[in-house]
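S.K.: The chain contents come next:
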Amino acid sequence: MLLVVEQFLNGLQFGLLLFLLAAGLTLVFGIMDLVNLAHGSLYMMGAYFAATFAAWTGSFLLGALLALGATLVLGIVLEMSALRHLYGRDHLDHVLATFGLILFFNEAVRLIWGPAGLALPLPVWLTVPVPILPGIHYPAYRLAIIAVALLVALLLYLGVMRTRIGMLIRAGASNREMIGALGINIKLLYTLVFGLGAALAGLAGLMQAPILTVQIGMGENILILAFVIIVIGGIGSIRGAFLAAIFVGMIDTLGRAFLPNLLRQVLSGAAASTAAPALSSMLIYLLMAIVLVVRPEGLFPANRR
Amino acid sequence: MKAFTVSKAVTAVMLAGLVLLPLYSHLSGNIFILTLFTRIVILALAAASLNLIMGFGGMMSFGHAAYLGIGGYAVGMLAQEGIGSGFIQFPVALAASALYALVIGALSLRTRGVYFIMITLAFAQMAYYVASGLARYGGDDGLTVYKRSDFSGLINLSNRTQFYYLCLACLFGVIFLIWRIVNSRFGLVVQGLRSNEQRMQAIGFPAKRYQLVCFVISGTMCGLAGALLANNTDFVSPAVMYWTRSGDLMVMVILGGMGTLFGPIMGAVVFLLLEEFLSQITEYWALIMGPLLLLIVLFGRGGIMGMLGRVGRG
Chain H
1 MLLVVEQFLN GLQFGLLLFL LAAGLTLVFG IMDLVNLAHG SLYMMGAYFA ATFAAWTGSF
61 LLGALLALGA TLVLGIVLEM SALRHLYGRD HLDHVLATFG LILFFNEAVR LIWGPAGLAL
121 PLPVWLTVPV PILPGIHYPA YRLAIIAVAL LVALLLYLGV MRTRIGMLIR AGASNREMIG
181 ALGINIKLLY TLVFGLGAAL AGLAGLMQAP ILTVQIGMGE NILILAFVII VIGGIGSIRG
241 AFLAAIFVGM IDTLGRAFLP NLLRQVLSGA AASTAAPALS SMLIYLLMAI VLVVRPEGLF
301 PANRR
Chain Z
1 MKAFTVSKAV TAVMLAGLVL LPLYSHLSGN IFILTLFTRI VILALAAASL NLIMGFGGMM
61 SFGHAAYLGI GGYAVGMLAQ EGIGSGFIQF PVALAASALY ALVIGALSLR TRGVYFIMIT
121 LAFAQMAYYV ASGLARYGGD DGLTVYKRSD FSGLINLSNR TQFYYLCLAC LFGVIFLIWR
181 IVNSRFGLVV QGLRSNEQRM QAIGFPAKRY QLVCFVISGT MCGLAGALLA NNTDFVSPAV
241 MYWTRSGDLM VMVILGGMGT LFGPIMGAVV FLLLEEFLSQ ITEYWALIMG PLLLLIVLFG
301 RGGIMGMLGR VGRG
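Chains as they are written, first to last, in our numbering: chain H, 1 to 305; chain Z, 1 to 314.
The set of hints was computed from the structure by calculation and includes no laboratory data.
Model, not experiment: these values are computed from the prediction.
Some clues are possibly wrong.
Now the stretches of chain H that chain Z is said to cover, found in silico as 3 or more residues with beta-carbon under 8 Å [to be verified]:
#	stretch
1	91 to 99
2	104 to 110
3	213 to 227
Glycine included, C-beta positions come from ideal geometry on N, C-alpha and C.
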């Protein structure tokens with residue numbers, strides 16, 4: 001029981017984190033039609049910034065805030081200097097150009113911070129276990145991640161559905177030329193959306209940093225998960241990204257936790273212990289394959305034309 | 001159509017250089033260059049196979065490195081189990097790659113555009129994780145191939161020069177095959193599907209079936225490259241299937257010129273030599289390579305072949 005609740009919360013936490021990453025990716029794709037492989041690099045930069053600023057200021061929260069600002073600025077600079085010129089080009093061009101950016105970011109990090117990973121220590125008040133149910137304790141920090149991510153998801157939803165900027169973003173997603181013709185500064189809007197996506201990726205990175213080590217290439221594996229999520233959810237759909245992210249987070253976490261035991265009941269011990277790790281990392285890809293066979297456009301396609 | 005163009009001349013010089021390379025290596029005593037170029041020729045073969053679906057077929061596969069791993073693991077696993085004959089290892093490597101391509105292709109081709117790019121990427125990652133989980137065959141650490149494929153006296157793969165010429169022969173064979181495919185009725189249909197799938201379907205061609213066959217041919221060719229690569233490095237590990245390797249292959253194709261016969265070879269030669277050259281100047285070679293890629297995408301339309309074509313036209 002304890003284990004089930006704990007793993008369930010872990011799955012939720014991981015899923016929400018993935019959502020932060022996938023939301024930026026799907027926004028940028030839905031609105032600018034840009035495939036950004038370097039999104040994972042922004043996630044990595046968020047974590048590195050947070051570790052550095054937290055060490056400078058001596059405060060975790062201050063470091064996190066500064067890191068958030070820094071990724072936002074980095075995203076805006078990146079958009080204005082390089083990615084802006086890729087809008088309207090072939091998707092293949094996007095893939096290649098942003099692949100080049102990944103090489104650049106990984107190497108720049110190695111040059112600045114060195115090849116060894118960094119650690120981002122948590123303040124004491126976030127490390128204590130909190131009782132959530134009678135007799136069940138859960139780390140405060142993971143609860144904080146769940147709370148922050150849910151809050152951001154809510155703000156994002158309200159921002160996109162209820163504000164003027166959000167209205168422009170949705171309009172831009174459904175018809176680019178038209179909103180330009182109506183006198184909206186598209187360039188500025190695009191820069192803003194990209195910056196927002198970068199900040200979300202940075203937030204995911206800096207929140208994940210205390211749980212894992214901050215290291216080069218940390219953004220790449222999780223980027224592929226984010227891609228799987230937006231493919232499952234339907235590219236360009238924030239709602240789809242949210243549901244798919246929770247789904248993927250749960251399946252991945254629960255699969256890793258319980259699949260070995262389940263397999264052991266069917267197979268012999270040795271066979272189960274070799275098959276389980278491979279099978280549990282394959283689970284989400286199998287899920288994606290099934291979704292694509294049934295609905296090639298994803299579960300919640302954003303705009304049907 | 002002119003008989004002589006700059007791109008043709010450069011291609012001819014490059015091919016002649018590849019054929020004569022062992023002679024140079026022998027005369028100068030530079031063994032390293034032969035090892036380097038064996039790798040280049042093998043990856044050029046992989047890039048050429050990717051070009052068949054990407055350049056001619058319009059299918060942007062971002063998971064092509066999976067076949068390098070499958071071909072390599074077929075050789076490595078059979079060698080581990082005591083089956084050293086190349087006459088068994090190579091056909092198994094090709095068959096395994098073809099089977100994987102058939103399954104992946106049948107699923108992936110239901111999607112198009114950016115979905116296709118991502119689903120092929122995700123499947124390759126899946127293959128990567130499966131290989132990492134193969135505890136019996138080294139798992140994450142990879143598998144050492146202690147003995148190269150044995151072709152019972154026909155050809156000795158442990159001899160550098162013979163192995164180089166085997167790889168080169170495979171490369172030329174595959175290029176010849178691609179040339180025949182592209183100019184066949186089948187190839188014309190596949191290229192027609194790249195330009196306008198709806199129209200081709202309206203004429204009555206079963207689009208997906210043609211694309212799937214093309215996808216399987218390409219995967220099988222790349223599996224051959226994988227089997228050669230495992231023999232070249234005497235080692236195979238999940239890292240050869242990592243998604244950045246697929247990215248490298250894509251870069252080679254684009255750099256050389258997508259949809260041209262010899263572009264991928266050119267791309268592989270330039271990319272890998274550049275990588276070698278930059279890594280000798282500085283440890284941080286990717287710091288230069290990354291932005292260089294960005295510039296090539298932004299300004300170098302049509303890759304090297306495209307640029308040479310423009311030079312030729314003056």
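S.K.: Which of the stated hints cannot be reconciled with the structure, identified by number in ascending sequence?
M.R.: none
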